[in-house]
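Visitor: Chains B and C with the ligands: place on chain A using the hints.
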Amino acid sequence: MSNIEELESKLDQNFVAIRYNVEIEGPAIRPENDLDVRNILPTEEPYKSIALAVLYGDMEASLSNVNDGLEAGLSPVDIINNGLMKGMDAVSLLYTKGFYFLPDLMLSGDSMMEGVRVCEKILGHKSETKGTTVSFVAEGDPHDIGKNLVVMFLRANGYDAVDLGRDVPTTEVIDAVEKYKPLLLTGTALMTTTMTVFPKVVEELQKKGLEVPAFGCGGGSVRKDFVESFPMSVYGVEAYHAPKLADSILKDKKTWKDLRKEYSKIVGEFVSEYA
Amino acid sequence: MKRFTRMIYKNPDELIFGHAKFPVSERWDIQFGAGYVVPEVKVAPQEGSEVSKEKMVAECRNIAQSACQRAVSIGLPSFMLEQEHVFQQTNNPEWGGECTRIQAEILERYYDEYGISVALRQTPADIRVEERAPGLRGSDYDNKIEESMEACAANGASDLCIETMGGKSASDYGISRGDIKAVLFGIGVLGSIDMEYMWKRIVKICQKYDCRPGGDTDCAQANTAMFMAGGLLDKDIAHTTAALARAMSAGRSLVAVECGAIGPLKDCGYENPIVKAISGVPIATEGKNAVCAHSDLMGNLIAATTDVWSNESVYHRQEMGGTTPEVWLQATGYEAALMNTAIETGTSETLRDIYTLTDKYRDPQGLILAYDNAYRIGEAIVNYGNDPYLRARAAALEAGKIINEAVDAGKLYLTRFERDSLDNALKILEELPLDADQFTDECLRTYTRKVPEFDPKSYEL
Amino acid sequence: MKNKYGIALDIGTSGIRAQALDLKSSKVISTAITLRHPLPGANVVDHLHFAIEVGRDTTHKLLLDAINKVIKSLNIDLQNVTRVAVCGNSIQLSLFHNIEIRDLAYWGQHALDRLKVTPPKRDAIIITPEKVDLDVNSKAEIYIPPAIKHEIGADALAMLFKADILEKEGIFLVSDFGTNAEIALVINGEVYTCSAAAGPAIEGQMIEKGRLASPGTICDLELADYAWKTRILDDNLIAQDGDEVDPSNGKILSHEEDSAKSIGITGTGVIAAFSLGLDNGLINLPKIKSSDHQIHLQDEMYLTEKDIVNIGKALGAFRAAHLTLAEEAGVLLEDIDATYMAGASGFYVDPLKSLNVGQIPPSSQEIYQMGNTSLAMARDLIIDPSLLEKLQSIAKGMRSKHIMLATSPIFEKIYSLELALFEQGMPFWMYNEWLNKYGFQKVAPRSTNPQIHRIFERDIPELGKEGLHITKVGSILEAKFEGCTNCMTCMEHCPENAITIENGRIKVRTDLCSGMGCLKCVLSCPNKVFKYGKLLNSEEIKAIQIETENNTQ
Ligand code: B12
Ligand code: SF4
Ligand code: SF4
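Protein chains in written order, with the working numbering: chain A, 6 to 280; chain B, 534 to 994; chain C, 725 to 1277.
Just chain A, same shape as in the assembly (with noise of 0.2 angstroms):
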C-alpha cells in the first residue's frame, strides 16, 4: 500500500468535506438500483431485460427484447405480465417517488404499449387485464393531455382502456358504453363551453338504460359542485387517482355515490377538493 493508500484508508471522508448537494438530493442511483425497484423487477431473462427496457423507456430495445423472447417460445401472457407490467410498476413507483417525471411515464408506457401489442397480435386477442375503461374529451374540446394522462395510468395499471380521442361526440360515447360496458367512463373537459356535455351524456345513457359503476369528470374547467349535479358522476381530481378508483369499483364493488363520498380515502391521500 502506497503512502497515499494507507492514509487514505485512515480518513472519513465527511470528517474533511460533505457534499451537501449529494446530502440533500441523495447520491445518483441507476433507476434499476432502487432498492424498491429491485424488488419489483424481475430477476430471471429475458423477462429482466424486456422489464428493464420499458424502465429506461427505450421503445426499440423493449420491441427487440419482446421478438427476442416471443421466438424463444416464451408466452405473451407471461411477456406481458412478468416483464412490461413489471417495468411499468418499477416506473409508476418510481413516479410516486418523485424520481421520475412526467415525461419519462410517458416514455415508459409508450414502450410498454408497443410491447404489448406485439405479443396481442401473436395471442390473437386481447390480453387479460384487470377489465375495460373508456376515456374520452368532450366534443368541441382539444385538451387531451390530461385524458392522455388518465389514459396510461389506467393502462399502467392493467386496465384495458379504451381511448376514444377528443372532440368526441356524445353519440360515440354511448355507442362504446354500450359495446364496452365498461368499470369507468371518464370524461375531460377543459373548457366552460364544452364541460355541459357531461350531463348530457348522463342523460343520454339513462334513455337509453345503460349504466356505468361511476362516470368520472375532470379537466381544467370542471368544478366539483357542476359534476355532483348531475347523477352516475364522480369528480375526478389527478389522472393517477382514475385507476385507484377503477380498483375499488373492481374490487370493493363501490359505486359513484361511495366514490363521492369516500374519494380520499380510496386513493389514499388527502384531497383538499374533497375536505
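Check before you lean on any hint, since a few could be wrong.
Unchecked claim - Which stretches of chain C does chain A cover? Using the computed rule of at least three CB atoms under 8 angstroms from a CB of chain A, they are:
(1) 764-777
(2) 833-840
(3) 1135-1146
(4) 1149-1158
(5) 1236-1244
Simulated from the structure, these hints should not be mistaken for laboratory data.
C-beta atoms are modelled at their ideal positions from N, C-alpha and C, and glycine is treated no differently.
Guide: Same frame as chain A, now just chains B and C with the ligands:
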C-alpha cells in the same frame, strides 16, 4: 515543433511540490522546482490608476515596494512578484515597459541589499477581440501584445506569461449550454491552434533577453467552466462537465511548453499538475490563498504538486493587516514555508498526501487533479500526443473514467445532475470521429452558424 | 364647416378602449376606457359561452350598449363622426359585428357539424352604424380589419403591423401576452403564428388574491435588500411605491405613508413574485419555502403554492409555444434579433422578470415593449382608410403558416415538460435534457445584457387634450323563473354579490358576475329552476313589456 508522446515523469509518486524534472533559474538567484517552493504575490492596480501612465507606474512601484518590504520583514528567503497587465498597460507598450522597469529596480535593490531571491513575472493581457476584424491574428491589439511582451522583457522582467483566449467563443457557447462538443472544439482544437500562434512569438522574444518564457493558462475556458459550475449547490453547469473541460485544457496548455515555454507555468492553470506530469516543467498554482480572487473546491489539493504558490489576484488597497501586497504575500509565504519545512524534514510526501486527501473527494474537479489521477490523464494525453484534438478528447474520457471509478468504489457520490451530465457528455465524446479534420469540419459547420463571435480566420481554418 | 371626427376602438377581453380623433389634424382629442368587459366572465370562452347561453343578440346588445356609453364619454359630437375603426380578437369583433361565433367556441369538427355551423370569413369589411346599432352619424363608415386566420384575429395582425417587421431581414418574435397569447415568429418576412391559451393566471385571475389591473392592485415588486418593495397602481393606473415587506412572513420593514391599500395582485405582480421568489430560493417548485407555504405581500395579500403552479402553467404555455414555433420554423430562439411584447400586460410587466421566468426567451437581447397595438392600428385606419385593403392582403399572404398547437405533437411534448417542471418540480436541467432527447433545441442561457426599448410611457401613448375618461359599464339581467320559491339560496351562494331578488324577480349585475366559469347560482338552486340562459337584458325586458302592453291595448 515536437509534441509530447511520452511522459517525462515515470511515476506519479515523484510528483511533488518544490521539485520539477527541469528546474528553471532566473536572474536574481532564484530557482523554481529545484527543491523548494517559492511564494508568489500578485496585486492588480487600483481602479482609477489606468487614467495615466504616471499613475499606473506609481501604482506598480508601490505594489513592488510593499511586497519587498513585507518579504524581508517576515523573513522570506524568496518570492515572486507578478504583474498582470490591465488593458492600458498592454495597449500602451511603453506603460508596461516603464512599470516593469520600476518594479525590476525595486526588486533588484532588495536583492542587492538583503540577498533575498526574487523574480519578476510580467503577464501582458490578451486584449485581442475575435469578433472584430481582422480577428485574433494581425490586429492592432495583437501587435500591441507582442510589443508589450518585448517591452517587458527588455525592461527587466525575469519571465513572461499570458492567458490567451483562443477558442473562448466556442467554449463559452458550449459551457453555458452543456454542449461538450463545442467545449472540446474550443479548448482542444481552437485553443491549441491559437496557443501555437502566440507562443512561438513569445519564445522568440524571450530568447533575445535574459527572460524566461513561463507559460499559459486556460483561464479563459476551463476556469470559466469552473466558476460557472460554482459551489456544491449551484446548478448552472455540472461539476462533472467542468472536470472534463479541465482535463481537456491540459492538452491545450501543454502547447506552450511544446513551443518552448519552460515554466514556471502560470498560477491559475488548475490543469498544471497534468502538464507538469507530462513535461517535467515547474508550475505555479493557487488555491486556498487565492480566496481573495475566487472560490474553488481544491484549495489544498492543488498545492500538492506546486512549485510557486500564488494568491491569484487582489486589488491594491489597505487591509487591517497592511496593504494587500503585504497581506497576501505573507499568506502565500507562510504556506510555502510549511511546504519547505516538510521538504527539509523529509516529510514532504506526507504533507503532499494530506493536501491531496483534504480535497480529493470534495468534488469531481479536484478528484481528477489529485496527482495520481493527473498522471493518468497525462498518460492519456501523450498516447495521442501528436494530435491536439484527440489528446484533449482522450483526457476528457480518462477524467470521466476516473470519476466513474471513484463512484463505483463508493468514494465519491454524484448528484443526478452531475451523473446525467457526465453520462451524456461521455456518450457524445465516445461517438466523436477519430479524425481531427473531420471533427473540425463538422464543428466549423455547426459553430460558425451558432456562435456569431467565432471567426475561423482567426485560426487559419 | 364643422370638425369631422373618427373613433378608434379596441375591444379587448379585459375592457374597451376608445379614442376620438380630429380627422383634419389627425390628433387624438380624448380617450375613454373601461376597467372590465361588459360581459360576465374573465376570458373569451366565458364570453362565448355566455353568448351561446343567453343568445347572440342579447350579447351583442350588451356589448354595444357599453360601447355606446364609452364613446359618449369621449366628449365629441357623435353626429360628426364619419369614421370608426374597430380592432380586437376574432371573438370580440364577431360579437361586435354580430356574426357567427360558435366556430370559435368549439374545437374540431364534431360540435360544429352537429350544430351546422359554417365558420364565417372574417375578412376586412366596411359596415354601417345601423348594422350594429352604433350611436354615431348614420352615414359613418365602420372599418373592421381582417383576422389572419380563424382565432388568430385582427389583434395579432395589429401587433405584427405595428412592430413593422414584415419587410425586415432577420428573426423577430412578437407576442401579445394575455389570457390568450397571440404569438408570431417572423423570419425574413415569413410569418409563423400560433395562439397559446396561457390561461387567466396571466391576468391575475385563478389566483386566490389575484385581480385584473385596477387601482389598488400590486403590479410589480422590486428587490430591496432581502425585502420586496411593493408597487401599487394608483387611481390613474400609474405604479407607485408601496411598503417593503419580508415575503416569507409579511412583516413590514418599511412603510410607505402615501401608499394606497392593496386589494389584490395583478398578473404582472404574480410574475414579479414568481421571478423574485425563484431568484432568492423562496420558491422551490412546486413549493414555497416559508413556514406557512405562502408568499406574503403588503396588506395581507399573499400567494399560495397553488397560485404558483397556476402561473407556472400559464408561463409554460408561452415557452412551449415559442419553442414549438421555432422548431416548426427551423430556427433557434437564441438567433432571434428582437423580441416584441404587445398588449397592456406586455407593456407593464418588467421584461427582465419575463426573461427570468421564461415568458420570453431568456436569450432575448433586444426587447421592445409596444403597448396597445390594436388601438394604434385602429387609429391608423381612421387616418388612412385605404390601409384596410392593405391589411387584407397582408392577412391573406400570411394564412398558410399558422401552426395549430392543438394538433402539434411538438407542443404536446414540450407542454408536458412544463407540467413536470411546475407541478412536479422537475429540475430545469432535466427539462433541457429532455428537449435534447426529443431532438429539440435547448433553452439557451440568459442574455447577459438585454436592451429594453420602451417607446412610450403608457400603453396608450397619447390620451388627447381632453384626457382620459374611465367609463363604468355593466347592465342588469333579469328574469322570473317558474317554480322559484324566493328562497334566496342563489343569492347567498353568489361569490360576487351579483344577485338581488326583487318581487320574485332575479336580477344579476353583469359587471359583477363572473359568468359561465362560476354558475354557483344555477348549481345551488334547490329547486333547479335557476336557468342562466333565461336571463334577459332588463332594457329588453322593458321593451318587451312595452310591446306586450301595446299589444293588449
Ligand atoms: C395546453 C393548453 C392548450 C393547448 C392544448 C394542447 C393539447 N393537446 O391538449 C392548446 C394550445 C392547443 C390550447 C388551445 C385552446 N385553448 Co387551451 N389551454 C391550455 C392550458 C395552458 C393548459 C391545459 C392543460 O393541458 N393542463 C394540464 C392537464 C394535465 O390538465 P387537465 O387536462 O385538466 O388534467 C388534469 C386533471 O384535471 C385530471 N383529470 C382530467 N380528466 C380527468 C378524469 C378523471 C377520471 C380523473 C380522475 C382526473 C382527470 O388529470 C390531470 C392532472 O393529473 C390551459 C390553461 C391553464 N393554465 O390551465 C388553457 C385553457 C384550458 N385553454 C383555453 C382556451 C380558451 C383554448 C382555446 C379555445 C383558445 C382559443 N381561443 O384559441 C383553444 C382551443 C380551441 C381552438 N379554437 O383551437 C382556456 C379555457 C377557458 C374556459 N373558461 O373554458 C384555458 C383555461 C386558458 C384560458 N384562455 O383561459 N390550449
Ligand atoms: S353565482 Fe353569481 S357570479 Fe356566479 S354565475 Fe351566478 S350570478 Fe354570476
Ligand atoms: S335558489 Fe332557486 S328557488 Fe331559490 S331564489 Fe334562487 S332561483 Fe329561486
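Visitor: Would you mind marking each hint as holding or not holding in the structure?
Guide: Evaluated hints:
Coverage of the stretch 764-777 of chain C by chain A holds in this model, with 5 residues showing a Cβ closer than 8 angstroms to a Cβ of that chain against a need of three. Counting residues of the stretch 833-840 of chain C whose CB lies closer than 8 angstroms to any CB of chain A gives 5, which reaches the minimum of 3, so the coverage claim holds. Counting residues of the stretch 1135-1146 of chain C whose CB lies closer than 8 angstroms to any CB of chain A gives 7, which reaches the minimum of 3, so the coverage claim holds. For the stretch 1149-1158 of chain C, the stated coverage by chain A holds: 4 residues have a C-beta nearer than 8 angstroms to a C-beta of that chain, and at least 3 were required.
For a cut-off of 8 angstroms, the count of residues in the stretch 1236-1244 of chain C with a CB near a CB of chain A stands at 4, and the three-residue condition holds.
Against the hints set out earlier in the document, no violation occurs for any number.
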